[in-house]
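Undergrad: Model the full structure from these sequences, guided by the hints.
Number of protein chains: 2
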Amino acid sequence: MYRTHNCGELRIGDVGKTVTLSGWVQKARDKGFMMWIDLRDRFGITQLIFDENSSSKELLEAARSVGREWVIRIEGEVIERSSKNDKIPTGEVEIKVAKLDVLNASKVPPFTVEDDTDGGDDLRMKYRYLDLRRTPVRENLFFRSRLAIETRKYLSGNDFIEVETPNLIKSTPEGARDFVVPSRLNPGQFYALPQSPQTFKQILMVAGFEKYFQIVKCFRDEDLRADRQPEFTQIDCEMSFVTQEDILNTFEGLTKHVFKTLKGIELPDFPRMNYDEAMKRYGIDKPDLRFGMEFVELNDIIKSQSKGFGVFESAELVVGICAKGVTSDYSRKKIDKLTDWVKRPQIGAKGLVYVKFEEDGSIKSPIGKFYNDDDLRAWGELYGAEKGDMLLILSGELDKTRKQMGELRLEMGRNLGLMKEGDFKPLWVIDFPLLEWDEESERFHAMHHPFTSPKKEHVEMMLNGDHETMKSLRADAYDLVINGSEIGGGSIRIHDRALQSKNFKLLGFTPEEAEAQFGFLLGAFEYGAPPHGGIAFGFDRLCAVMNGQSSIRDFIAFPKNNTGRDMMIDAPSPIHDEQYEELYLESTVKDEAEV
Amino acid sequence: MYRTHNCGELRIGDVGKTVTLSGWVQKARDKGFMMWIDLRDRFGITQLIFDENSSSKELLEAARSVGREWVIRIEGEVIERSSKNDKIPTGEVEIKVAKLDVLNASKVPPFTVEDDTDGGDDLRMKYRYLDLRRTPVRENLFFRSRLAIETRKYLSGNDFIEVETPNLIKSTPEGARDFVVPSRLNPGQFYALPQSPQTFKQILMVAGFEKYFQIVKCFRDEDLRADRQPEFTQIDCEMSFVTQEDILNTFEGLTKHVFKTLKGIELPDFPRMNYDEAMKRYGIDKPDLRFGMEFVELNDIIKSQSKGFGVFESAELVVGICAKGVTSDYSRKKIDKLTDWVKRPQIGAKGLVYVKFEEDGSIKSPIGKFYNDDDLRAWGELYGAEKGDMLLILSGELDKTRKQMGELRLEMGRNLGLMKEGDFKPLWVIDFPLLEWDEESERFHAMHHPFTSPKKEHVEMMLNGDHETMKSLRADAYDLVINGSEIGGGSIRIHDRALQSKNFKLLGFTPEEAEAQFGFLLGAFEYGAPPHGGIAFGFDRLCAVMNGQSSIRDFIAFPKNNTGRDMMIDAPSPIHDEQYEELYLESTVKDEAEV
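Sequence order for the protein chains is F and V. Each residue of the first sequence is one higher than the one before, counting from 1 in this note's numbering. Each residue of the second sequence is one higher than the one before, counting from 1 in this note's numbering.
Incorrect hints may appear among the rest.
Copies of the same chain look alike in the list, so a pair counts if it works inside one copy or between any two.
[Unchecked claim] Result set (SDA-like, lysine to any residue): computed pairs, CA atoms no more than 20 Å apart in a straight line:
#, residue 1, residue 2
1, K126, R497
2, K153, L262
3, K107, L522
4, K87, R11
5, K333, V311
6, K27, R73
7, K343, S331
8, K286, T327
9, K456, S306
10, K107, S501
11, K153, H257
12, K107, R497
13, K27, E114
14, K456, R73
15, K126, A514
16, K502, L103
17, K456, L103
18, K99, W428
19, K425, R344
20, K126, A516
21, K456, S501
22, K256, R281
23, K57, I367
24, K455, L103
25, K256, D269
26, K505, T469
What the hints contain is simulated information worked out from the structure, not anything from laboratory work.
TA: Following this line, the structure appears as structure tokens:
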């Protein structure tokens with residue numbers, strides 16, 4: 001037997017009991033005549049005590065021989081501590097050890113296994129088993145486990161059935177790039193790993209399951225950026241005989257449930273904003289509502305003032321935000337830095353105009369030669385600007401400028417500490433465009449995905465409208481945003497074969513391509529497909545956002561690095577010649593690799 | 001709005017209410033002046049009524065236009081039925097329809113969507129969305145969903161943490177064949193899909209998680225036999241600081257829990273049998289204990305009788321079973337058929353000897369010229385044979401003969417109807433051999449897997465014994481068997497680097513191969529790996545066995561056929577040239593395929 005108790009459960013009421021504990025040596029303190037070991041397991045830490053008077057020489061030697069992270073088993077008596085520790089639940093007792101067995105030794109870990117570690121990212125990933133011993137990392141994964149439990153509890157309680165959809169499916173060129181899996185039994189053919197169970201969950205609706213969910217791994221072979229993983233997890237759902245309203249209510253309920261049960265936070269009803277409004281007010285389809293600093297457009301006032309400042313007067317959009325009470329903090333140097341920031345290629349603005357309403361009543365702005373104080377004061381009124389406030393203004397082409405200003409607003413939010421920890425601001429963004437025109441490839445892309453339905457009142461326009469009309473189609477598509485992170489999104493789907501065929505055509509599929517790739521779904525729509533819609537939440541993202549963290553990697557037990565590599569197991573790796581042969585494949589880099 | 005109620009919830013107390021229902025047309029009956037439609041959704045069936053007197057002409061026409069599996073929405077009043085149907089919960093009411101909307105039409109399904117269908121396997125798989133509408137198939141998947149819920153409830157309640165392990169891992173030649181996934185970002189390198197999360201769950205033990213579980217998809221690229229799927233689901237578990245006893249008790253508890261909550265069956269404590277005994281008594285490591293018919297070996301009595309029947313006297317094993325009360329049923333012709341059955345290449349016996357103890361007291365046997373009635377009666381006594389019983393005897397090489405007799409015993413069990421529906425007989429088979437000698441390849445294979453620990457008392461033998469000794473090593477390895485099906489298995493693992501290295505060596509790994517494939521695990525064992533062990537249950541199999549069914553395919557939403565093909569989506573399929581290029585691959589069958 002390895003234990004009668006775990007290391008987190010002994011209390012003052014257990015004094016006098018003989019117990020067996022097993023765990024890891026967190027640390028040891030040796031005072032010569034006395035010695036203590038902190039013994040750690042998943043459940044807590046219990047202090048062990050050895051002393052020269054009552055412990056045998058062999059026992060003391062054994063205790064002195066163990067090092068950090070050794071695994072030991074001890075037997076002993078629970079006694080009351082002379083100096084109690086009120087920081088841990090077991091702090092009133094310690095174990096007077098009678099017997100100690102070393103279950104496994106440990107080398108000295110390459111980094112400290114403490115809440116704060118001195119290990120760099122690469123080292124932590126290579127020795128992930130040591131990193132996972134650290135309380136904050138373990139707590140992240142325990143949180144993830146509880147989030148899955150509460151999600152399942154809520155959805156099961158609402159009549160959702162969890163159905164496992166297959167992982168070996170069919171490669172389709174639409175959307176992101178697939179990971180593919182060569183089939184040995186079907187020479188020259190490949191499976192694909194699912195980017196999402198989209199078509200299968202729709203098939204389940206045709207099958208009459210009505211309320212489906214799955215917490216499911218999905219795969220995308222994209223170039224990896226920070227915080228993007230080749231495999232990730234979704235809370236995937238689909239419902240039949242529902243409107244957008246039903247779906248929003250159900251998943252607002254889920255979100256409230258997990259915040260309440262796991263964070264003790266009662267979220268008020270979620271506001272809703274349509275896509276066009278989000279773009280106009282925040283320049284982004286996932287606004288962070290923890291702070292205001294909304295866009296105010298200046299085109300009208302600039303036109304009315306007509307001062308000959310061509311940059312503004314000829315711009316499709318002149319838009320600004322107002323930072324409150326910052327003028328004393330924003331020196332010329334700091335503003336220059338901010339200007340450099342917006343001019344970086346990632347943002348791409350040509351310049352930044354500021355208007356400072358100084359505390360002393362003066363107004364400072366680099367465009368003072370075009371606009372006098374009264375002009376600028378009139379601008380300020382549009383923002384409700386007061387002394388100490390500063391306007392930041394960008395101008396240019398509409399969509400680009402909004403995007404740039406959206407980035408600047410977030411940067412200012414960060415700089416001014418407006419994104420408060422523990423503050424959660426959910427938002428439904430609704431009424432997304434159905435199609436997005438891509439200038440480069442001269443074709444439409446599906447804004448959500450090719451199965452999304454136009455709004456009922458736009459169906460006729462979609463079936464019979466001209467090319468320009470297609471750009472104005474709006475969909476019953478929606479995203480849940482929390483604190484500027486997209487937690488999930490979904491849509492009401494097309495359930496009619498003709499409309500789905502039309503959508504494929506708009507997206508550039510030939511009828512043959514549509515049939516080859518999605519024939520099964522088009523076929524299914526002919527056998528009594530109910531109206532349906534759904535949503536998917538990014539599970540990793542939800543974990544991170546609920547804990548106020550930005551990286552999903554810390555909520556994944558074994559994440560991959562930016563080249564898709566698992567540093568611990570060292571995968572991917574070369575395969576054997578026989579494997580190539582069995583799969584009817586040859587490598588075009590193999591010879592080089594072997595030289 | 002599509003519904004105020006579902007089709008399973010209206011009762012006599014709802015009479016008078018105006019309701020909206022949506023669903024599928026199960027069937028329609030038209031009496032001319034009156035018409036009924038059975039409207040079906042996931043929750044049940046509700047009868048709709050239309051009549052010439054009170055329904056408008058348009059409404060009647062609309063009702064007459066709909067066919068089987070059309071999707072409609074109706075509004076109407078709940079009324080009491082004149083002729084009640086006590087077979088369905090809604091049978092006391094019907095809806096007097098005021099409004100009918102067709103939500104989607106349906107072609108005539110290619111097979112009947114009823115409990116018993118006329119659709120063949122291929123057709124059912126191609127139109128899986130229609131097959132899944134059938135109550136028995138849907139009930140299977142709903143059962144599966146509930147089984148997952150109860151499994152998670154039990155394990156979470158016992159402090160297990162669910163952790164998702166990665167799906168893109170490393171290919172290893174040990175065990176079954178891997179599915180591999182070419183990595184675009186790492187030219188010439190491949191991921192593998194996990195055959196099980198074995199090494200990751202052991203890493204989680206090294207990480208101090210102590211109690212891990214996961215309901216997880218696993219993948220094996222094996223030649224498919226009936227009832228084997230390339231992707232399947234496991235209940236995967238691992239525990240630290242435990243002995244075999246702890247694991248057996250925990251998972252016996254899980255099994256009892258799911259039988260009780262889902263089937264209302266209280267299983268008594270599970271018997272245990274060691275591997276050697278199972279082979280001796282049943283000729284198989286997964287005996288079906290729903291019936292007896294245990295082996296009795298005849299070598300001793302045959303030696304003592306010494307009658308010159310060389311076939312028996314020179315055989316390594318002579319073994320028989322006793323079928324009770326069957327002599328009148330087993331004519332010479334039927335026994336000949338049984339003899340042909342054991343001589344089939346799949347079984348491989350050379351012949352079958354019977355001894356019939358007829359009701360009239362006579363004894364019939366083809367070996368009567370060697371053995372007189374007294375001799376045979378002495379044999380019968382070993383079985384407790386009575387009048388009407390029949391011995392069936394095989395002889396030959398020990399292991400082969402046991403296996404043949406094991407098959408014959410099961411065949412007799414089937415023939416005599418001894419495997420009763422609703423009878424569940426679980427059994428722990430324990431003390432499996434550690435290693436299995438393969439004559440063909442002249443090497444050891446791991447009986448369970450390469451991470452299994454020998455029994456504590458065999459460690460010394462393993463480290464220092466000779467080649468022959470290795471064959472007698474026993475492991476703390478165990479299988480849970482129910483009704484002759486292996487539900488799952490596991491073992492106590494090695495947690496010591498030296499012992500694990502020795503095991504790899506015995507299994508034919510060079511130190512370099514062991515390091516390349518499992519270096520991370522060997523490394524982890526050096527940083528305080530706790531004693532640990534685990535188990536995995538086949539989730540699909542457990543679903544099937546709990547429902548008295550033999551095929552796992554009926555419990556998988558979208559199964560693949562025997563060539564690994566998804567008939568509905570038609571996968572696997574060819575990929576594009578660009579995909580090959582991006583993955584640094586060429587096909588060796590591609591040109592032929594394109595000709």
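Undergrad: With identical chains, the pair K286 and T327 could be close in the same copy or across copies; at 20 Å between alpha carbons, which is it: within, between, both, or neither?
TA: neither (28 Å within a copy, 80 Å between copies)
Undergrad: Reference check for the pair K456 and S501, CA-CA at most 20 Å: within, between, both, or neither?
TA: within (17 Å within a copy, 66 Å between copies)
Undergrad: Regarding K99 and W428, is the shortest C-alpha distance of 20 Å or less found within a copy, between copies, in both, or in neither?
TA: Cα proximity of K99 and W428: none, with 60 Å in one copy and 34 Å across.
Undergrad: If the cutoff is 20 Å on CA atoms, where do K505 and T469 land: within, between, both or neither? Let me know, please.
TA: Within one copy, since 15 Å is at most 20 Å while 70 Å is not.
Undergrad: Which holds for K153 with H257 at a C-alpha limit of 20 Å: within a copy, between copies, both or neither?
TA: both (10 Å within a copy, 18 Å between copies)
Undergrad: Measure nothing new, just compare the shortest in-copy and cross-copy C-alpha distances for K107 and R497 to 20 Å and report within, between, both or neither.
TA: between (64 Å within a copy, 12 Å between copies)
Undergrad: Cα distance capped at 20 Å. Does K153 pair with L262 within a copy, between copies, both, or neither?
TA: both (13 Å within a copy, 17 Å between copies)
Undergrad: What label fits K27 with E114 when the C-alpha limit is 20 Å: within, between, both, or neither?
TA: Within one copy only: 11 Å inside, 67 Å across.
Undergrad: For the identical chains here, do K333 and V311 meet the 20 Å Cα criterion within one copy, between copies, both, or neither?
TA: neither (23 Å within a copy, 103 Å between copies)
Undergrad: One pair to classify: K126 and A514, alpha carbons no more than 20 Å apart. Within, between, both, or neither?
TA: between (44 Å within a copy, 18 Å between copies)
Undergrad: For the identical chains here, do K107 and S501 meet the 20 Å Cα criterion within one copy, between copies, both, or neither?
TA: between (63 Å within a copy, 18 Å between copies)
Undergrad: Measure nothing new, just compare the shortest in-copy and cross-copy C-alpha distances for K502 and L103 to 20 Å and report within, between, both or neither.
TA: Classified as between; 19 Å across copies, 67 Å inside a copy.
Hint violations for this structure: numbers 5, 8, 9, 18, 19, 22, 23, all remaining hints satisfied.
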